[in-house]
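Visitor: One-letter residues, chain by chain:
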Amino acid sequence: MSVLTYAIQGLDRATVIAFGCVVLLLAGGALIEPNFLSADYVVQQLQVASFLGVIATGIMLVMLLGHIDLSIPWTIAIGGMMATGAAGILGPTVGVPLAIPFGIACGAAIGLVNGFGVAYLRAPAMIFTLGMNAVAQGLMVFHTGGFAPQDRATALMREIAVGRFIPGVPNPLLVWLALGAVTIFLLTRTTLGRQIYAIGNKERAVFLSGVDTRRVLLFCFVASGACAAAGGVLLAGWANRSYQAMGDPYLLPTIAAIVLGGTNVLGGRGTYLGTVAGVILITLLQSILSVLQPQFWFAELGLKIPAETFRQVVFGIVIIVMLLLYGRERASR
Amino acid sequence: MTAASATAEPKGRSREAWRHRLAAQRGVLLAVAIFAAMFAIYGWKQEVGLTASIINTAANKGALLALVAMAQTLPVLIGGLDLSVGSVFVLTNCLASNIVVGGPLMTALGVVGVLAVGLVCGVINGVIVVYGRLQPIIVTLATGAVYFGLALALRPEPGGSVNFELADLMTRSFYGVPSSVILLVAAVVLIWIPYRRSVLGRAAYAIGSSEQAAFMSGVPVARAKILAFALAGLLSAIAGLLLTFVTYSGAAKAALGADYTLNSIGAVVIGGTSLFGGSGSAIGSIFGAFVMRTVGDLLIVFDINPVLQPLFVGIVLLFAVSLGSLRLLHIRNRLDLYR
Numbered sequence: 011m012s013v014l015t016y017a018i019q020g021l022d023r024a025t026v027i028a029f030g031c032v033v034l035l036l037a038g039g040a041l042i043e044p045n046f047l048s049a050d051y052v053v054q055q056l057q058v059a060s061f062l063g064v065i066a067t068g069i070m071l072v073m074l075l076g077h078i079d080l081s082i083p084w085t086i087a088i089g090g091m092m093a094t095g096a097a098g099i100l101g102p103t104v105g106v107p108l109a110i111p112f113g114i115a116c117g118a119a120i121g122l123v124n125g126f127g128v129a130y131l132r133a134p135a136m137i138f139t140l141g142m143n144a145v146a147q148g149l150m151v152f153h154t155g156g157f158a159p160q161d162r163a164t165a166l167m168r169e170i171a172v173g174r175f176i177p178g179v180p181n182p183l184l185v186w187l188a189l190g191a192v193t194i195f196l197l198t199r200t201t202l203g204r205q206i207y208a209i210g211n212k213e214r215a216v217f218l219s220g221v222d223t224r225r226v227l228l229f230c231f232v233a234s235g236a237c238a239a240a241g242g243v244l245l246a247g248w249a250n251r252s253y254q255a256m257g258d259p260y261l262l263p264t265i266a267a268i269v270l271g272g273t274n275v276l277g278g279r280g281t282y283l284g285t286v287a288g289v290i291l292i293t294l295l296q297s298i299l300s301v302l303q304p305q306f307w308f309a310e311l312g313l314k315i316p317a318e319t320f321r322q323v324v325f326g327i328v329i330i331v332m333l334l335l336y337g338r339e340r341a342s343r
Numbered sequence: 306m307t308a309a310s311a312t313a314e315p316k317g318r319s320r321e322a323w324r325h326r327l328a329a330q331r332g333v334l335l336a337v338a339i340f341a342a343m344f345a346i347y348g349w350k351q352e353v354g355l356t357a358s359i360i361n362t363a364a365n366k367g368a369l370l371a372l373v374a375m376a377q378t379l380p381v382l383i384g385g386l387d388l389s390v391g392s393v394f395v396l397t398n399c400l401a402s403n404i405v406v407g408g409p410l411m412t413a414l415g416v417v418g419v420l421a422v423g424l425v426c427g428v429i430n431g432v433i434v435v436y437g438r439l440q441p442i443i444v445t446l447a448t449g450a451v452y453f454g455l456a457l458a459l460r461p462e463p464g465g466s467v468n469f470e471l472a473d474l475m476t477r478s479f480y481g482v483p484s485s486v487i488l489l490v491a492a493v494v495l496i497w498i499p500y501r502r503s504v505l506g507r508a509a510y511a512i513g514s515s516e517q518a519a520f521m522s523g524v525p526v527a528r529a530k531i532l533a534f535a536l537a538g539l540l541s542a543i544a545g546l547l548l549t550f551v552t553y554s555g556a557a558k559a560a561l562g563a564d565y566t567l568n569s570i571g572a573v574v575i576g577g578t579s580l581f582g583g584s585g586s587a588i589g590s591i592f593g594a595f596v597m598r599t600v601g602d603l604l605i606v607f608d609i610n611p612v613l614q615p616l617f618v619g620i621v622l623l624f625a626v627s628l629g630s631l632r633l634l635h636i637r638n639r640l641d642l643y644r
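First to last, the sequence lines map onto chains A and B.
Its first residue numbered 11, the first sequence is counted upward by one per residue in our numbering.
Its first residue numbered 306, the second sequence is counted upward by one per residue in our numbering.
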């Protein structure tokens, strides 16, 4: 009992509310569709969630610093497209075994430029990463423009995205678990983690304490690019191919998941467990909307409303309502 | 009172004052200069020269982004950001393709309705930001999703129509002056300048500089913020209306909204407005928008594959923000680098 209370005290309010909503969603869904509580369904949802989770991990680090990375959509695409195209670029003998590291390295390179711009040129992250997103898009369009590139995933990528190394546990979930464990260790047990939270609160103070804050910024942006690209590699393996704009649907859910998990947009506050809760919550919400299919209820009333409408509207409203519950700032006085 | 003290100043002082005023407008002037240079190159490379129809097309394309960029300027000035401008733009476009039809009275009512919806979207953003005490960027990301969803519901498939006479009137030019430019000037004269000179407009600059200090000085922070978001919605709606006139139809394309939101931020930055709030002007954003659009036109006249447009727009954006980094060269105290 005391262990339980200790565990609950260790969690912050946002994490508890987000996990509470996950349970509510599952219970509510189970009332309508009993399959919701089956192990198969839950495992499948966790597999889908792990793609989002891997992508969100790096951006969470950047958001803890009080910055943001809007270059995720095309960094995801770069990760996927460069990994599948590695055989064509590096040659089949080197390209096939190195496909995954190559894709992630390309994403890290985008992150490196972002980090250089934000940390050393002191450019506002919002606009700099936006510019990099456009540049990444341009590079990928240029890459595919002249010739038909290799867009098939390698066997290894496919295995990592859809296979089950441990029976019953999808591989992407293992990837997410490993990445999450490393991130939790980084954030709670290392000086670098302390510095990340401290910079999010007051970069000036951290600089005066003798830390080269620019290097920390650079590290987080590189991590963000690498994680987004790793997400792209997983997605390409899952779909067995890569394509342009494959990352576009991920910007809003990623930021929403992190924010719903209690990470402050201004930086300095947030836990990885919260992000995990946010990612699962967003994934479940998407899945339940696609199962319930509210568009058919409206169709019976004679209103033809596309399914995407409900996804967008529910998404937006959930984000605002959840934030009103726990994301409010103090009133100015 | 300021006028009286200005006339009382000796001559040397007034030159000083002019220099000061020019320095304050440096961002805007830079944007104007870049645009003028780019457009001159465009006209020079254009084989038929700058005919009225070429100017008209360029103005229509530029005015769409310019209006959205003006909209984006207001939340940026108070130190926020509005990621829903593109969605309001698309939503009002879809709405206009439904209701700006029929006879003159119906059309006029439709125009009023479209503008009112834009205004309401903006007020909703502002109210949630102010009374919900949430970060503008997250709030508008979420409301933007809602507005886009509504746009999809209004127009699941691209189509619809619009009052043709009005659309023609708004997209042609009079004696070489495109009506879209007249619309832009009207937006500046009727919305931006009165706003800039109003108490709430000045309050917006104060809030952008330091919200805490503004609040302590009795500046009406809540009202100023709501007004900034509301006018952003209104200006986006004007842009959405103009898009309907240009395309004669409505379409709920996610990529279109995202493109306009992102480019509007770029235009605001190129126009010399600080993303940290408190300094800049919507007029700079207009020229910033025209710079962004001329990049695309230049690619065409230089015979560069138009699919490379995002690459060049991105490079222009990165270049524009990196220009701001020049201040690092003459920074005296390294502490000033960090906030």
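Heads up, some of the hints might be wrong.
Stated by the list, open to error - Under 10 Å between C-beta atoms, here's a sample of chain B residues computed to sit facing chain A:
| id | residue |
| --- | --- |
| 1 | Val416 |
| 2 | Val417 |
| 3 | Gly418 |
| 4 | Leu420 |
| 5 | Arg438 |
| 6 | Gln440 |
| 7 | Ile442 |
| 8 | Gly454 |
| 9 | Pro461 |
| 10 | Ser579 |
| 11 | Phe607 |
| 12 | Leu616 |
| 13 | Leu640 |
In case anyone wonders, no lab produced these hints; they're calculated from the structure.
Quick caveat: nothing in here was measured; it's all calculated off a predicted structure.
Backbone N, C-alpha and C fix where the C-beta goes; we use that ideal spot for every residue, glycine too.
Visitor: Tell me the hint numbers this structure goes against, listed in increasing order.
Guide: The structure breaks hints 1, 2, 3, 4 and 11; every other hint is satisfied.
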